[in-house]
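Peer 1: Residue strings, one per chain:
Number of protein chains: 2
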Amino acid sequence: MPQALLDEDLIARPGGRLEITTPALVLDLDALEANIAAMAEAAAAQGIALRPHAKTHKCIAIARRQLDQGALGLCCAKLGEAEALADGGLDSFLLTSPVTTARRIERLLDLKARCRELLVVVDDAENLRQLGAAAAARGAALDLLIDVDVGQHRTGVADAEQALALAAAIATHPNLVLVGLQGYAGHLQHVAGYDERRSASHAALDRLGAVKTALETAGHACPLVSGGGTGTHAFDHEAGLLTELQVGSYIVCDVQYDAVTLRADGVPPFRPALFVYSRVVSASHDGFVTIDAGSKTVSTDGPLPRVAFGADQGAAYAISGDEFGRLELPPGSSAPKVGDLVALQVPHCDTTINLFDHYHCLRGDALVALWPIEARGASG
Amino acid sequence: MPQALLDEDLIARPGGRLEITTPALVLDLDALEANIAAMAEAAAAQGIALRPHAKTHKCIAIARRQLDQGALGLCCAKLGEAEALADGGLDSFLLTSPVTTARRIERLLDLKARCRELLVVVDDAENLRQLGAAAAARGAALDLLIDVDVGQHRTGVADAEQALALAAAIATHPNLVLVGLQGYAGHLQHVAGYDERRSASHAALDRLGAVKTALETAGHACPLVSGGGTGTHAFDHEAGLLTELQVGSYIVCDVQYDAVTLRADGVPPFRPALFVYSRVVSASHDGFVTIDAGSKTVSTDGPLPRVAFGADQGAAYAISGDEFGRLELPPGSSAPKVGDLVALQVPHCDTTINLFDHYHCLRGDALVALWPIEARGASG
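Heads up: the protein sequence lines correspond to chains Y and W, in order. Numbering-wise (the working numbering), the first sequence opens with residue 1 and increments by one. Numbering-wise (the working numbering), the second sequence opens with residue 1 and increments by one.
Accuracy of the hints is not assured; some may be wrong.
Since copy identity is lost for identical chains, a pair holds within one copy or between any two.
[Unchecked claim] Below, in silico cross-link-like pairs of lysine to any residue (SDA-like), each with a Cα-Cα straight-line distance of 20 angstroms or less:
hint, residue 1, residue 2
1, LYS337, ALA158
2, LYS112, ALA137
3, LYS337, ASP159
4, LYS112, LEU224
No wet-lab data here; the hints were simulated from the structure.
Isolated chain Y (complex conformation) (with noise of 0.2 angstroms):
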């Protein structure tokens, strides 16, 4: 990208932040980090572990901090995410979705060659006896996870009938090895209050737990049960049934999760770190200007994004088409110039990283890095 080259010239210099070539997605290292340690200080605190999920940030370094702050592997959406993340050296990933097709299959035998730990979750009888076939051939173990829909109604099996069904084909294939189950209640992160959103999280880990019960019972073992998210963090741990978080967007807490109360004693635990800057591109009206961040920057699958500098209190961004977005001016409020830096907190984060190539990292006001998004757009 020619504007990230250009960018380069001005890492670590003062005033770096002034110079980014807009639009640009920058990260405040000093959150990030708080964030990381806040969430590593309270699942210390609640004896479970992290794996936290790549999905969010698709990125080397934001993933070593989080291996160095304590977290087993990282959780990864789709096997392309998990094969860009290798190719920097990373070696454990819990890959959260089913891959299917006999080609898929065949790169994730390959990533299982140049990985420590590589676990897969299955909700399909063809797709489980196509990577037992596989595996076979290879002279490979894999190692599964029985995903299990606690409510989400998108992936994992229906009941404990179909996961016992998986679990007997697990037990008689040699190169297949059941670890345990997953269940993510991804329907209920964002739920607002608190104690709503934790009787929903209680109501969902009861299946999950029925389908441990049963599957114990037959005789197949569990040790790895995973699952979880950031909107439920608090109290994920409760139930005493997951072993391990796959907590993903509290690195940055967006204006999705800023809306969520995430303790019980409503004080927010992680700081907004992620922003799209921006700048003004025109200003010939009353009332409004023009800026240079729309649809193609910042993710429309969520709430708006949020004026965090650059305009007075009270200005709200709207899209206005794919390269635009309009900020409203309270009345009465002085009108940033054309050239004039605003900055976006982002609103989803997920999908408004996958728009960018890098991050432009920000030290104060310094600009001390550009990270590549190594994973962005591997979504196969």
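Knowing the structure of chain Y, use the given hints to seat chain W on it.
Peer 2: Frame of chain Y; chain W shown alone:
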């Protein structure tokens, strides 16, 4: 991207369509070429020129096909887009957004030095001053269009008075040349009804025409008047004002444009040419299956994608998170199995294309090329 590299060995093999690693952006070359020819024919019949907008496709191979069919040059929304296309040897651009800030203006002049033609819009007096100073410092001349707001309230001068002030400043600057006007009615392109869109478009062009008259009366010639789009292309010429059309989306005809009556006779002039290929990854429940295309692979700023093939008529797509989609199956329909291919017509082409690195190009059922999307993510 690992999956793209893997797909290279399928090119020109029969059955390529079935082997494509999903999710993938798939371009039907027959439909693309028919669409490019249909627009070229329509413009020729109207006696108007085409300067197609590359913000849609961001791809050198498609740009070349448009130029081969008589396009004057290309529009780009952002400087970074034009830089990426110039790296492939393209050399005539109209930058349809203001180019602001000192560093970006230096890049503009660098680009100018390697182009046959480079036009840029302006709507702000201070930005104009910076452009003039930078051009003078380099001994270069910049060809400018005054951008006129014709009702979208995004970029462009608000009235003839602002345009006259800019034209006067350009006229007195030895390094700046006024070549004409831009007036783009982006807010009207998707008005569904033909007659309503035509009336609104004529009203917008009346605003542009009034500015042109004011400038010419003051002695400022405006030989080039650029505007129009896919939604208004059938009648953009009628006012006799525009000299060229900035059409973009016609090349692929997304779900959004499929809902618009583009020609007076109601016959759709363009064919759907762009799809996201996806596969079923989970089928544990009755009534729906989960596919591997979510909000990281189909944009969410427009309508929902439409199922083109791979599931029964009536199957409806819904986003099911960043990585997944849900296909709701009509009662009694046969459910696709895990691994089955499902093709989605792209909902909004510009923002969906910007999520991918390559087009997988089909000729009939054979994968015949992978075209890089050189300007993907080039938003700066």
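Peer 1: Could you run down the list of hints and mark each one as holding or not?
Peer 2: Do the hints match the structure? See the list:
no.	hint	in the structure
1	LYS337 - ALA158	between (56 angstroms within a copy, 16 angstroms between copies)
2	LYS112 - ALA137	within (14 angstroms within a copy, 58 angstroms between copies)
3	LYS337 - ASP159	between (59 angstroms within a copy, 18 angstroms between copies)
4	LYS112 - LEU224	within (19 angstroms within a copy, 60 angstroms between copies)
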